[in-house]
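*Asks:* So the chains spell out like this:
Number of protein chains: 2
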Amino acid sequence: MTREEALTFYKNWQEKKEAYGLVMSTAYYDQETIAPQAGSAVRNKALAYLSGEVYDIETDPKAIEVLEFLAKEDLGEEKNREIALALRSLDNVRALDKEEVVAFNEESMASFDDWQKAKHEKDYARFEPHLLKLIGFSKRFAAKRHPDMDPYDVYLDDYEEGMTAADYDRFFDLVRSELSPLVFEIAQHQDRVDDSFLHLDYPKEKQAKFAEDICKALGFSRDWGYMGISEHPFTNGISKNDVRITTAYDEKDVSASLYSIVHEVGHAFFEHQVKDEFAGTPLHHMISSGMHESQSRFLENYIGRRKAFLKGLYPKLQEYFPEQLGNVSLDAFWRAVNASRPSLIRTQADELTYPLHILIRYEIEKSIFKGTADLEHLNTLWNEKYKEYLGVDVPDDGVGILQDVHWSGASFGYFPTYALGSAIGAQLLHAMEKDLDIDAALEKGEFFRITDWLKEHFQQYGARYTFKEAVVKATGEEFDPHYYIDYLKKKYRTLYGLDQ
Amino acid sequence: MTREEALTFYKNWQEKKEAYGLVMSTAYYDQETIAPQAGSAVRNKALAYLSGEVYDIETDPKAIEVLEFLAKEDLGEEKNREIALALRSLDNVRALDKEEVVAFNEESMASFDDWQKAKHEKDYARFEPHLLKLIGFSKRFAAKRHPDMDPYDVYLDDYEEGMTAADYDRFFDLVRSELSPLVFEIAQHQDRVDDSFLHLDYPKEKQAKFAEDICKALGFSRDWGYMGISEHPFTNGISKNDVRITTAYDEKDVSASLYSIVHEVGHAFFEHQVKDEFAGTPLHHMISSGMHESQSRFLENYIGRRKAFLKGLYPKLQEYFPEQLGNVSLDAFWRAVNASRPSLIRTQADELTYPLHILIRYEIEKSIFKGTADLEHLNTLWNEKYKEYLGVDVPDDGVGILQDVHWSGASFGYFPTYALGSAIGAQLLHAMEKDLDIDAALEKGEFFRITDWLKEHFQQYGARYTFKEAVVKATGEEFDPHYYIDYLKKKYRTLYGLDQ
Numbered sequence: 000m001t002r003e004e005a006l007t008f009y010k011n012w013q014e015k016k017e018a019y020g021l022v023m024s025t026a027y028y029d030q031e032t033i034a035p036q037a038g039s040a041v042r043n044k045a046l047a048y049l050s051g052e053v054y055d056i057e058t059d060p061k062a063i064e065v066l067e068f069l070a071k072e073d074l075g076e077e078k079n080r081e082i083a084l085a086l087r088s089l090d091n092v093r094a095l096d097k098e099e100v101v102a103f104n105e106e107s108m109a110s111f112d113d114w115q116k117a118k119h120e121k122d123y124a125r126f127e128p129h130l131l132k133l134i135g136f137s138k139r140f141a142a143k144r145h146p147d148m149d150p151y152d153v154y155l156d157d158y159e160e161g162m163t164a165a166d167y168d169r170f171f172d173l174v175r176s177e178l179s180p181l182v183f184e185i186a187q188h189q190d191r192v193d194d195s196f197l198h199l200d201y202p203k204e205k206q207a208k209f210a211e212d213i214c215k216a217l218g219f220s221r222d223w224g225y226m227g228i229s230e231h232p233f234t235n236g237i238s239k240n241d242v243r244i245t246t247a248y249d250e251k252d253v254s255a256s257l258y259s260i261v262h263e264v265g266h267a268f269f270e271h272q273v274k275d276e277f278a279g280t281p282l283h284h285m286i287s288s289g290m291h292e293s294q295s296r297f298l299e300n301y302i303g304r305r306k307a308f309l310k311g312l313y314p315k316l317q318e319y320f321p322e323q324l325g326n327v328s329l330d331a332f333w334r335a336v337n338a339s340r341p342s343l344i345r346t347q348a349d350e351l352t353y354p355l356h357i358l359i360r361y362e363i364e365k366s367i368f369k370g371t372a373d374l375e376h377l378n379t380l381w382n383e384k385y386k387e388y389l390g391v392d393v394p395d396d397g398v399g400i401l402q403d404v405h406w407s408g409a410s411f412g413y414f415p416t417y418a419l420g421s422a423i424g425a426q427l428l429h430a431m432e433k434d435l436d437i438d439a440a441l442e443k444g445e446f447f448r449i450t451d452w453l454k455e456h457f458q459q460y461g462a463r464y465t466f467k468e469a470v471v472k473a474t475g476e477e478f479d480p481h482y483y484i485d486y487l488k489k490k491y492r493t494l495y496g497l498d499q
Numbered sequence: 000m001t002r003e004e005a006l007t008f009y010k011n012w013q014e015k016k017e018a019y020g021l022v023m024s025t026a027y028y029d030q031e032t033i034a035p036q037a038g039s040a041v042r043n044k045a046l047a048y049l050s051g052e053v054y055d056i057e058t059d060p061k062a063i064e065v066l067e068f069l070a071k072e073d074l075g076e077e078k079n080r081e082i083a084l085a086l087r088s089l090d091n092v093r094a095l096d097k098e099e100v101v102a103f104n105e106e107s108m109a110s111f112d113d114w115q116k117a118k119h120e121k122d123y124a125r126f127e128p129h130l131l132k133l134i135g136f137s138k139r140f141a142a143k144r145h146p147d148m149d150p151y152d153v154y155l156d157d158y159e160e161g162m163t164a165a166d167y168d169r170f171f172d173l174v175r176s177e178l179s180p181l182v183f184e185i186a187q188h189q190d191r192v193d194d195s196f197l198h199l200d201y202p203k204e205k206q207a208k209f210a211e212d213i214c215k216a217l218g219f220s221r222d223w224g225y226m227g228i229s230e231h232p233f234t235n236g237i238s239k240n241d242v243r244i245t246t247a248y249d250e251k252d253v254s255a256s257l258y259s260i261v262h263e264v265g266h267a268f269f270e271h272q273v274k275d276e277f278a279g280t281p282l283h284h285m286i287s288s289g290m291h292e293s294q295s296r297f298l299e300n301y302i303g304r305r306k307a308f309l310k311g312l313y314p315k316l317q318e319y320f321p322e323q324l325g326n327v328s329l330d331a332f333w334r335a336v337n338a339s340r341p342s343l344i345r346t347q348a349d350e351l352t353y354p355l356h357i358l359i360r361y362e363i364e365k366s367i368f369k370g371t372a373d374l375e376h377l378n379t380l381w382n383e384k385y386k387e388y389l390g391v392d393v394p395d396d397g398v399g400i401l402q403d404v405h406w407s408g409a410s411f412g413y414f415p416t417y418a419l420g421s422a423i424g425a426q427l428l429h430a431m432e433k434d435l436d437i438d439a440a441l442e443k444g445e446f447f448r449i450t451d452w453l454k455e456h457f458q459q460y461g462a463r464y465t466f467k468e469a470v471v472k473a474t475g476e477e478f479d480p481h482y483y484i485d486y487l488k489k490k491y492r493t494l495y496g497l498d499q
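Protein sequences appear in the order of chains A and B. For the first sequence, numbering that gives the first Met the number 0 begins at 0 and goes up steadily by one. For the second sequence, numbering that gives the first Met the number 0 begins at 0 and goes up steadily by one.
Careful, some of the hints might be misleading.
[Claimed, not checked] Heads up, simulated EDC-like pairs for lysine to aspartate or glutamate below, C-alpha to C-alpha not over 20 Å straight-line:
id: 1; chain 1: A; residue 1: Lys-16; chain 2: B; residue 2: Glu-52
id: 2; chain 1: B; residue 1: Lys-208; chain 2: A; residue 2: Glu-204
id: 3; chain 1: B; residue 1: Lys-203; chain 2: A; residue 2: Asp-193
id: 4; chain 1: A; residue 1: Lys-15; chain 2: B; residue 2: Asp-55
Simulated from the structure, these hints should not be mistaken for laboratory data.
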């Protein structure tokens with residue numbers, strides 16, 4: 000085949016994938032937001048059928064042949080990167096036998112079903128055999144795919160290209176040694192921050208009105224975005240100029256929807272602000288979850304939890320809820336939304352305790368792949384670590400090892416990217432502060448100065464660079480977890496009145 | 000091929016069509032309700048691509064071969080009907096050369112673009128050449144498809160199986176002779192019904208709350224349905240248990256959204272109440288537009304505009320709008336929503352004048368296919384007929400011959416089904432009244448008695464029967480337009496205080 004033929008084939012294949020991808024992600028968004036319950040059987044059948052079609056397109060042997068051919072051509076750095084990303088996503092298909100993949104997928108589906116039941120029934124024994132089988136699959140697959148690599152590194156690289164256990168160790172060692180003691184110290188001074196007023200009655204209708212104010216303040220525009228409601232908030236980048244988010248209203252927690260929106264809008268801007276030339280290509284779609292999470296957490300925590308950010312919005316919230324918040328000062332509200340408290344559930348954890356939840360999962364995964372974990376008692380290991388790092392007693396496995404969906408699908412190596420996303424944020428903040436008076440911009444209502452900075456220094460590049468490269472590009476320095484650790488220590492020691 | 004092989008192929012082909020159909024109709028609903036504007040270019044490209052895939056599946060030569068084989072087998076009446084319906088929809092593909100179809104589609108797209116511009120600019124000259132070309136195509140296609148049939152009958156049959164111009168003549172002769180004079184008579188007594196209060200300011204937010212009350216009163220359940228907002232209201236039957244409707248709020252017309260909802264819920268029940276065994280087959284999807292329109296108009300006009308229907312809902316509307324409606328009695332409101340007045344635009348016409356708008360289009364279409372129309376002056380013909388039957392002067396072609404989209408895509412033969420749908424309704428009403436005290440059911444809030452009756456006598460059968468057969472099945476009599484004419488005359492002579 001000629002280069003011309005290969006490029007033409009690739010272009011058509013990409014367009015086809017794009018077309019299917021768009022309708023499938025539209026259907027997914029619809030399903031999670033508005034689709035009526037009684038239609039689910041017919042809908043699931045149709046979506047499963049179409050997923051099969053998409054899989055056949057994506058794993059078309061001719062496409063793999065073309066990509067392998069193009070990967071050896073000099074197409075310019077950007078195009079070569081694009082081809083490399085497309086190939087990366089086919090690593091499994093290229094290295095494994097079809098029967099193995101089918102067997103894995105079947106086990107995975109059975110595992111998911113039993114995980115749901117096990118979680119509901121707090122019955123780890125129901126899920127354990129699946130987990131062990133999936134661990135077996137994963138070890139075999141890693142050995143087949145990259146016999147030269149440490150198996151856990153294979154999966155860490157899958158979720159965050161270029162990252163290894165050695166990299167993560169440097170980061171998580173600090174999380175363990177510096178943040179865990181701080182969490183224990185703060186646990187002794189819970190009375191210093193009152194957040195009880197966040198948990199009065201906050202009717203959904205008024206929260207929905209406030210949600211519109213939030214979107215407006217953030218510059219999340221109806222021209223290229225839409226916000227719906229779903230059980231769990233998420234972002235769906237249907238295309239660069241069609242980015243959907245969702246929120247959920249908790250009538251017993253007025254800050255939940257506020258920060259879910261700021262978080263998802265962070266994802267949304269990344270989807271929207273990728274360069275036009277990259278839109279709809281692997282340089283857009285294959286942004287790693289850690290990179291994506293860095294942008295959502297940046298807006299949520301580093302910007303959204305600043306007092307200057309709340310200054311504009313909080314008076315509106317008080318107007319919607321005069322009885323609940325009329326007598327609560329801006330300062331008290333700001334302290335409340337930054338309260339920290341060791342807890343059981345990762346997805347509900349605050350900014351400070353969150354990385355410890357991830358540390359626990361990281362250590363367990365690492366020991367599984369190293370072969371040092373006692374596979375018969377992973378739930379016990381889980382509980383011991385919660386006690387050790389967070390001081391929390393796990394009452395049952397439903398809120399312990401069964402709480403997250405990830406392992407039910409063998410997504411080992413995924414969790415660490417969540418913490419990494421947070422960690423990059425502190426380094427980006429440090430860089431942004433050199434260019435921009437963030438508080439002044441927020442107080443002037445110029446939120447776009449923040450999102451413009453993120454676009455210029457980070458978001459426009461999409462998946463053009465790996466995480467490590469992107470950090471250097473945006474901040475001029477290699478990734479340094481000290482920014483994160485220092486930020487958290489300073490913020491929380493101040494908030495809780497502890498010695499610096 | 001064996002019967003077994005053919006049936007297996009057919010089953011798989013149906014499932015594939017169903018799967019694609021579901022995601023495409025989900026994407027369509029999304030596009031018309033929430034999709035952000037800036038994403039339209041990428042979205043249109045993707046949807047066009049997928050439409051091509053769907054077209055290829057639907058017109059798969061192997062499928063046609065299988066259907067033609069099965070059509071000759073004795074598969075039981077229902078299955079044979081299903082196969083016949085599937086073949087009906089492929090009539091064009093089977094009879095015409097691919098080049099002709101492509102040429103027609105290209106002309107059709109160009110025509111649609113110019114029609115949009117022409118309507119906006121009130122410039123019939125821009126659209127006329129397209130219309131004449133499409134007429135040419137249609138005449139040639141009809142002659143090729145069914146050389147033995149009158150060409151207009153070919154298209155009348157396409158939209159309403161079994162109906163011919165001879166059938167429609169009997170109906171429209173009555174519309175012309177009986178209803179047109181009544182419209183002129185009522186035009187002299189406009190002062191007898193005051194509907195000015197419907198056109199005060201009615202903020203959307205409260206209309207939206209009232210819309211929820213309407214859905215509830217009608218039994219349009221969130222379990223199997225969903226109501227969104229779009230520019231023009233429509234119903235989208237994604238599956239039997241996933242039926243989407245939309246409404247639109249006009250702040251200057253409080254009855255617009257009320258009756259749009261009742262209308263669309265009529266369509267929705269038909270989609271939802273088809274027999275389980277028919278769901279997702281041609282017996283469900285190929286319900287004719289006239290049959291469908293009969294159910295939406297039945298709820299809208301024959302039920303929704305009754306005083307007993309308004310008795311339950313109107314007090315709630317008054318609560319939402321005490322300033323606008325506090326002093327308007329139920330009787331005055333009921334009279335207002337039934338007011339009749341000759342007007343220019345079909346889609347805004349009331350129950351009485353509506354069939355005259357259709358009569359005009361029917362007569363023009365018939366004369367086009369008979370060859371008696373002066374094709375150089377169709378707009379003048381249009382204006383003359385509006386003057387003659389409705390007494391209305393057409394100020395420009397934008398609100399005249401260019402008002403409807405149908406002819407821009409050569410959908411000749413479609414319009415008459417709208418009037419037919421209304422006409423069946425009166426006959427269904429007559430039959431329903433024998434079994435049910437409708438006003439008593441409405442006053443007790445038992446709306447389900449009406450929809451249950453419709454299910455039992457009409458809706459469960461889907462497309463199992465033709466329009467003519469379905470009317471006999473539901474009412475025990477052949478279609479008789481006198482029910483409709485008599486109903487309108489009695490209703491409107493009473494409302495406007497004219498001699499009976």
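*Asks:* Give me the numbers of the hints this structure contradicts, sorted from smallest to largest.
*Replies:* As far as the earlier hints go, only 3 is violated by this structure.
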